[in-house]
Every structure is written in C-alpha cells, then in structure tokens.
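Once you've looked at the hints, dock chain H against the given chain S.
Line by line, the protein sequences give chains S and H. Just so you know, we're using this note's numbering here: the first sequence kicks off at 15 and counts up by one. Just so you know, we're using this note's numbering here: the second sequence kicks off at 69 and counts up by one.
Certain hints may be false.
If you anchor each label on the Cβ, the simulated ranges turn out as follows [unchecked claim]:
| hint | chain 1 | residue 1 | chain 2 | residue 2 | range |
| --- | --- | --- | --- | --- | --- |
| 1 | S | S139 | H | L177 | 38 to 44 Å |
| 2 | S | T19 | H | L72 | 45 to 51 Å |
| 3 | H | L149 | S | W38 | 30 to 36 Å |
| 4 | S | I94 | H | V231 | 22 to 28 Å |
Per the computed footprint, the stretches of chain H lying under chain S, defined by three or more beta-carbons under 8 Å from a beta-carbon of chain S, are [as the list claims (entries may be wrong)]:
| hint | stretch |
| --- | --- |
| 5 | 105-115 |
| 6 | 120-127 |
| 7 | 221-233 |
Source of the hints: derived by calculation from the structure; they are not laboratory data. Just so you know, even glycine gets a beta-carbon here, dropped at the ideal spot from N, CA and C.
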Amino acid sequence: MLEDTLTTLENLPLATAIREEGLWFPWIESIHVLALVLVVGFILIVDLRLIGVASKKRGVAQLTSNALPMTWGAFAVAVISGSLLFISNAASYWDNVLFQIKLVLILLAGVNMFAFHHLVAHDMSGWQTPDTTPTLAKAAGAVSMLLWIGVVVCGRWIGFV
Amino acid sequence: MSSLTEFCNWLADTSASHLFQEVLWIVPAAQSIHILAIAIAMSALLMIHLRSIGVLAQDQTRIEIADRFLPALWVALPVLLATGSILIVAEPARSLRNPAFYWKMGLLLLGIVITLAYARPLRRDPSWWDNLTGRRQFASGIAVTSLLIWVGIVFCGRWIAYVSPF
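Here chain H stands alone, though its shape is the one from the complex:
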C-alpha cells in the first residue's frame, strides 16, 4: 500500500474526520464559507488587476486600489486554508488522491506568487509599474495571467468532484 494511501486511511480514522462526517452540516457549512471566501478573494483580485489593465477606477492610483483590496485577499486565504483543511480531513482520499486537487494547489501557489510579484515593487515605489511603457505592459500581463490562474483555481476546485482519483 502506498504511503499516500496509508496517510489517507490514517487521516480518515482520526476523531476529527469521524466528527466531520457524522455531524452532517459541517462539510456543507465549510464548503459555503469556502465559496464566500473565494468570492472575497476573486472580487478583490479583479479590482486590483482590472485597475492594472486600465478597465476601471482610473481615478485611483495602483497603490490606493492595492491597499484597499489586498488585505481582503490576505484575510480570505487563511479562511480558505482552514475550510479547505476541514474538507480534506472529512474525506481525505477525495482530494488527496485527485489530480484536480493538485492542479488547484499548483495554480494557487502560482497565483499567490504572481500577486506578490505585482504588489512588492508597488509597495516600494507606488509609481514603479507606471514609470516605463514596458513595465506597464508587464503589469497588464501579470493582471491577465493572474485572473486566468484564479479562474483555473475555481474550475479545478469544482472538478475535484468529477475527475477520477488516481
């Protein structure tokens, strides 16, 4: 038996796992909070990156928009981690043996890195992305890529239910 299988079996046998499976409202509640946290994260990211592309809020600077919406993302991510963990513990094999789950985690890592790649220079110098045409275009590229990644994360999340486990 592979170590992953052993780990899933062990996790499924913990009292936490039994609790989450037996108290019927826990998993749907965790999923609902997970969805609401995604809503907060996605809308915050959209505001930041659509401003970056120049679609909205041109009357606000990049740093003003980032300062307003990045905190929402940093609140949403721990909530996603906590609720996601409940879902994993409740049914370990469902996610830990699913390719879609690992795609989701990979994209999540990428998404966070790209968001930081945009935010870090901005914090040091609020006009950094605007100073050169090349940088402005790169910021737009980051914005589009980031949005595609987060859309991918949402899709992968839903597809966990449909992709066959390995």
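Bound-form chain S, shown alone:
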C-alpha cells in the first residue's frame, strides 16, 4: 500500500516534470539549499545564545523575536521545496537510510523546540544574560544545534548513498 502511494506520487504530472524536465530539479534544489541554510543559520543564532557562546548581551526573548518569524518562513520554503524534490523520486528517497534519518532528526528537533517553548521558556523574558539563562535552556540549545547539524550532514549524504 505504501509502495502504491509512493508510485502514485512519482507518477503525478508535477513529479514527472521535476524528474524529467531538465532545469526544474536544479532550481528547486537551489531554493531548498537557500531555505535550509537560513533555517539552520537562524536557529544557530538562538542556540549559540542559549548555550552562552554568542549574543551574550542580548536577552533571549528579544533575539528569538527577531529570528523566529524568518526561521519559520524559511522552514516553510524548505518543506515545500523538499516535498517537491521528494515526490520526483519518492520510492527511492523513502528507501534511502540517510533520508530516513534526516526526517527523524527534524522530528526530534521539533520535539526539542516544543518541549523548550512549553516546558522551559515560561520566564524567557528574564534570561537577559547567559548567567540568568537556565541550564535546561542551554541543554535545549545544545541538543538543537547537534540535531540540525545532523540534518545538514544527512541531507548532503543523501546524494552520496
């Protein structure tokens, strides 16, 4: 049943066009790369502040309010472009171990972010300096960094496996 779904996706006119019309894939892939470097870049800005390495004079809440809207926007573009790339070769990507790991890491990053916002970040406005940033917040920042670096590495390796 899953195989049928994947085959159906691959046979969509859009998927076929991306797979077979010369320049679609490169353009969509380039947009995907641009979106992902922005996602990872903005997340790194916040994470480096959480672990106390950068932006030390800026409160976490202010930094997050600057970075978050653009992070989500870039993430949306990454998901859309990624989905277009995926359907062009759905069965093959689905079977790719690096692709599977990448999705799992993104999911875990989402869980980490959810946990951070709902369990840890109640008093975020008080985290004006690294000293007043809770250890759990630093841990969330470190975990986030590792997960997203993993996403980048896995994403790059998809093409090699």
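Here is chain H on its own, set in the frame of chain S:
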C-alpha cells in the same frame, strides 16, 4: 593543452587530491561544513541588512547589530575558503573549469566589498548612515543588493553541479 587544463591535471595528481578522493567521507564532510558556514554567514548578513532596511531589531543601533554579527562573517569566510579549497583540490576540473564557479567567486568578491562599504563608515561614525535621508536610502540599497548577491552565491554554488564545464 591550455594552462588551465595543465594546472587541473597537476592538481588532480597531487597526493592531497588522491587522499581526498580515496577517503570517501572527506568531500561530504567538507561540503557539510561548507554549508554550515554558509548558514552562519547568511544569517549574520541577514540580521545586519534587515536591521539596515528597518525590518527588525529597531531597538538596537546599526553598530550594535554590526558588532554582534560581523565577527561571525569573518569567522565563516576562512572556513568557507578552507573547505572550498578541499573541494577544489579533490576535483579540480569540477570547479576550475566551470562557469558557475567563476560567477560565484565574482559575486563573492562583490559581496565582501559591499559589506565592507557598509561597515567601514559605520565603524568610524555609528550614526553616519542615519544622518541624512540619502544615506539611509543608500544603506537600504546596499542591504538589498548585498542580500541578492549572497543568494546568487548560494545558487551558483549549487549550480556548479549542473552547468557544463568549458
């Protein structure tokens, strides 16, 4: 045989080049670090230039934002140079014979010059870009141009894989 071809052949024959090709994880690792460094550079530039246009962090001055994020750029650039060099040495013809690569390098030079054109006056006088309406508009122009250039750099980088070499 052209001198470029000779140089590519020579480079491809060095022990470094053989090493990068034979140890399979070196090129993907260099590419991954390259991508992460781009992430740092792009987000830093976005913070600086979006502040310039007035989109975010209005509670911070231009110099405060620049002081916070320019160092990240100056760290990212050497990392990009080092990882990029590994990629060139591993497969010299792939980049050195590719038009997209030279577009990328041209845009990179332009991008660095434009960033410096914004940062230099700012360092001498933190209110320089804000003192006159004309200057404020020019700063916004620099910001938009800079962001377009860096987007172009990212695209050219990816297109190296798709553009035919000369």
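A quick look at each hint next to the structure:
The beta-carbon spacing between S/S139 and H/L177, approximately 43 Å, falls within the hinted interval of 38 to 44 Å. For S/T19 and H/L72, the Cβ-Cβ distance of about 49 Å falls inside the hinted range of 45 to 51 Å, so the restraint holds. Taking the beta carbon of each, H/L149 and S/W38 are about 32 Å apart, inside 30 to 36 Å as hinted. Between S/I94 and H/V231, the C-beta spacing of about 25 Å keeps the proposed range 22 to 28 Å intact.
Beta-carbon proximity to chain S at under 8 Å applies to 9 residues in the stretch 105-115 of chain H; the threshold of 3 is reached and the given coverage holds. Here's how the stretch 120-127 of chain H fares: 3 of its residues keep a CB closer than 8 Å to some CB of chain S, so the rule of at least three is met and the hint holds. A stretch counts as covered by a chain when three or more of its residues have a beta carbon under 8 Å from one of that chain; for the stretch 221-233 of chain H and chain S the count is 7, and the coverage holds.
In this structure, every one of the numbered hints holds.
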